[in-house]
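**Q** Based on the provided sequences and hints, a complete structural model is requested.
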Amino acid sequence: DAGITQSPRHKVTETGTPVTLRCHQTENHRYMYWYRQDPGHGLRLIHYSYGVKDTDKGEVSDGYSVSRSKTEDFLLTLESATSSQTSVYFCAISGGGGGTGELFFGEGSRLTVL
Amino acid sequence: GQQVMQIPQYQHVQEGEDFTTYCNSSTTLSNIQWYKQRPGGHPVFLIQLVKSGEVKKQKRLTFQFGEAKKNSSLHITATQTTDVGTYFCAGTGNQFYFGTGTSLTVIP
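Chains as they are written, first to last, in this note's numbering: chain A, 2 to 115; chain B, 69 to 176.
Since the hints were derived computationally from the structure, they do not count as laboratory data.
Hints may be right or wrong, so weigh each one.
[Unchecked claim] Now the in silico label distances, taken between C-beta atoms and shown as ranges:
#, chain 1, residue 1, chain 2, residue 2, range
1, A, G17, B, A136, 43 to 53 Å
2, A, V53, B, S98, 22 to 32 Å
3, A, T14, B, S94, 33 to 43 Å
Ideal placement from N, C-alpha and C gives every residue a C-beta, glycine not left out.
**A** Dropping the structure here:
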């Protein structure tokens, strides 16, 4: 498996609190992605990064921000968590961008917002 | 935005029966990829199709890319219990656009 670790793997928090999920890779891949997975919706792209300090929005970016200060780390922040953000979050990396190259996924972070 | 639809959402089959999932895009895709996610796991890459009309096989799995590069299918021959999971297609334009997935249950 590709060297991707997500933390925390599980988190329960309350509405209105900030939450940060971390994705760490050891593959030196340029492209990193954050997806959320919900029943009936498949995997939806939140934000992605194509290099250090280079990020862009995905299809469901409202309420989320990201940062990438180092190649190996991609952080996803929920500024003020809401119950609708209860989900499983997956980080993915790819050596090729623009939809090329395979995606390698992390193990996922299960977030519950009460 | 680009949409990738996948059907069926769920499929229950007896072990040994065949299984097919279909993926349709509203726009022409550059490539299409297929992923498998075991229950409780993360998606794992299976294959990528690039050419119009392309067909690829992996043992009991057959993948097809439509002539217009707007649809694709995954066919599993003689399913086994190890095939259980959710199968996702991902159309690629400038990014990866995932279908909603097909959850396969194999009844022994």
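**Q** Could you work out which earlier hints the structure fails to respect and list their numbers in ascending sequence?
**A** Result: no hint breaks.
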